[in-house]
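Turn these sequences into a full structure, and let the hints guide you.
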Amino acid sequence: MKTKSMRERLLASSMICSAALLGLAATPSFAQDAEGEVSEIVVTGTRIPSPNLESVSPVTAIGAADIKAQGITRVEDMVNSLPQAFAAQGAALSNGSTGTATVNLRGLGATRTMVLIDGRRLMPGTPNTLGPAYAADLNFIPSGLVERVDVLTGGASAVYGADAVAGVVNFIMQRDFEGVRVDAQYGLYQHKNDSPIADVVRASAAASATPEFFGLPDENVRDGETSEVTLILGVNAPDGRGNITAYAGYRHVEPILQINRDFSACTLNSGDSFAAAGCGGSGTAFPARFGPLDGGLIVDLDGPGNTFRPSTGADVYNFGPLNYFQRPDDRYVMGAFARYQLADWAEAYADMMFMDDRSTYQIAPGGIFAGTFSVNCANPLLSEQQRALLPAVGGGTCAQNPAGTFTGTVARRNVEGGGRQGTTEHVQYRYIVGLRGQLGENWNYDAFLQYGRVAYNQVQTGFFRTTAIQNALNVVINPATGQPVCASVLSGADTACVPYNIFQVGGVTPAALNYLETPSFQTGNLHERVANISLGGNLTEYGLKSPWAADGVGVSFGAEYRREQLDFSADFVASAGLLNGSGGANPPVDGSYDVYELFGEARVPLLQDMPFARSLTAEAAYRFSDYSSSGITHTYKLAGDWEPIEDLRLRASYQRAVRTPNVLELFSPQNVVLNGTTDPCAGLAPGAALVARCAQAFGLTTAQVLAIEQNPANQYNGRVGGNPNLDPETSDTYSVGFVYQPSFLPGMNLSVDWFDIKVKDYIQQGINQDLVLTRCLDSLDPFFCGLVNRDAQGSLFLSPQGYVEASWLNSGALRTSGVDINAGYRTDLDRFGLNDMGGIAVSFVGTWLDELSTQPLPGDPYYDCAGLYGAICSSANAPNPKWRHKARLTWNTPLSVGDWVNSLGLSVQWRHFDSISLDAFDDDPQLSNPDVAYESDRVLGSRDYFDLTATWTMKESVNFRLGVNNVFDKNPPLTGSSNCPTGPCNGNTWPQIYDAFGRYIFLGMTADF
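Counting along the sequence shown from 1, when you hit position 627 you're at 1849 in my numbering, and nothing is skipped either side.
Certain hints may be false.
As the list claims (entries may be wrong) - Lysine-lysine pairs mimicking DSSO-like chemistry, simulated, CA-CA at most 30 Å apart:
1. Lys2192 x Lys1414
2. Lys2104 x Lys1982
3. Lys2104 x Lys1980
4. Lys2104 x Lys2192
Rather than coming from a laboratory, the hints here were simulated on the basis of the structure.
This is the structure:
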């Protein structure tokens, strides 16, 4: 598994040698590209040709200088730093990771955000049917070639495709490069472990029967190293009519374990405080348990090693420390952009891009996850004391009924085998060939074919096979040898079986683990084919213009064909659901759809150079789509732009988008996974008010309700899967704003835009599981109660037969609104009398989230998650602060030291996240949940992070960057397990939004030849 291929070794070694020869790398100083993040973008949002077009829809741009100043090696970190972006799949997820990195604009989901490379869509990133989103993988983007990133909200669906509901992220790549460039960077995290949670871990260790599982890290740690090197080669054609720009890159990321941070060294319980609640854990613990967690039997570590004692609720396993906080990753990229002008009217072009990315998730060791198994009373591995206590089916104990059987809950953590891992590889290809050119002075055309493919492979290790567990627990004496042997060996049913001695401390053998641990394999392919032709023109010469405007109508229209195809399969043990603790069956899937589209847009100048109308322009766009899966849809846009005076421009737009279900939403198989955080009916005490309600809701007796076991890890099953009967969802987007560039203050710009997006009949992966249980018990509504399927023990976690139905469906509506603020200022300090002191640049991007509401079903009231987090509001997204901003101040100094230090730039960045309240405390009855309204989780405190960066040039062609992010090593806000959904919440916090790993230090360089 660890052996690298010859291709990998050659590629890595060649680029590492290049970096070693050239030294460390850096970017140009801020003075060379100090526009920052706020500027008017000419390309993104329209195909209409115009020499001075400004965007009607709100656009935020991240320039190359800002990208370098952030010390970015992962593109996801660059995009997620923007206030408009909510956390999605990324490197800080382990349990629930797909191995990809996605972007989620406005909190509407990654499937509603379109990712483009130079205005052309990027294919979805994985055929993994367990993934939460059919979305592009940002790992595919070579960060060293990103010239600019445009983030556009609204007005994009009719232009680029109906799935651009929340907006578009357009990566503008560097092309027409000439020469040789090496870009390299190294970074690591440094953190001082001084959290008061360390005392909680120590107290839990002192009270635990297994204190060895409650370790703490060193006080000062340095880990999570990231390194990246990119080689860019560019050459022009000898006749000057073409160019080829080629690149190759390698990125390596070291893992971080949760044990490496004191605040994540145990899984925190929720309570009045973390100190009072202590550390929690999983009921699948060590040593082995037989029967319920509270009142069953557990192997006594303080005895002779083969005796039982009564188990209690404290006998849980601290499963957090071995989880990856940051996944390890190795990524190779290479590709080329080529163009050649065949004639004055024809330029041929081609893009070829490739990525091979391997990432590994790791979660706690597997074992026998609390489920029903049988142990024969005559098992020779049982001691006499254990036989005297172990109950036999039909009454009495195993000592009283030696021919009998114990059947009940058996649980044991495989601490000898180490963590469960999944090594995921995505190999992606993207090819484009096209022809474009000018047809006279007023028209241009562009025709291209695009093919994208993703090949997916995953190997999972550390899981036990369920049937093997049962065989290994049914042990007898071999009459031929007098030694313990599996009964299945003597019967011939399974001659490979090895007894699993969990009754004796130290009794587990390597041979038993080799028998039980069963690797599984998954593979899949995703194909996207696109054919597109478009024609754009200026109709001024044809007289199609307003009598009050000098410029005529600009138009663009065309046609597109696209085919999406996905296939996925797993080996027998995974497809049949035979792996213990990995969810249900994972059957194969093979699905596809086609879409034929016609599109057009027009820009009509109505007034120009008139009083109170320096310009007044209207825009319209329309897209007709015919899907093989969903039929015909219509997408359109209306927008206007009014510049009453030179300093001020007003803009407004309306967009209708119709998003059809994608391949995963239609065809992904039914599967049982961890999907919820609560079961209100579990662990109830006699006399509790909910006992009678639970019995009534689910047709249980009082005794059956009282016997429902609570999961100490607060993880419960949901059954997810596709739905071929899904209908399209419809969205309406409104935006109104202004751009102010005062003439009395050159270099200053300010834009403020209000947005309002509503998605009706929205497609979601089931109604929120915790909300389903709450609504069922509050109303006894048969619809909600019918979604809950309890197993024979009444549980929602002990077996795959217990779950809440969470398949894809058309539900109610999503609604979000807020205000984006972008500001920038750039000036020489001479203006303020500070002669020869260089210049400054200031940029600011902030978003105020007014509303982020969900309507579970048509006709239901909305619940608003703006400013909230928790089991309902963060089941798919990270916490939702009402206010986020980032601001950067850059001083482009005049300082220099010979040829060694020139163009020195110093900058400081301030990133702010507002405080966020727990949804369970909210007054809305759909959110209010006293069962999980714990004081420890009431508020995620606000966070302010400060970053410092210095850039300088050496010998004119080598540019360095040195920086520290999270200078003050601020710890992230923490959440107890009752309000920490599996996936987005990892290590008691939300690492895809907060700086969870500590202070990040980086050094990089860019060298041109």
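Here's how the hints hold up against the structure:
1. Lys2192 x Lys1414: This hinted pair holds, its Cα atoms lying about 10 Å apart.
2. Lys2104 x Lys1982: OK: Lys2104 and Lys1982 at ~23 Å, within 30 Å.
3. Lys2104 x Lys1980: Holds: Lys2104 and Lys1980 sit about 18 Å apart, inside 30 Å.
4. Lys2104 x Lys2192: holds, 21 Å
The structure meets every hint from the earlier list without exception.
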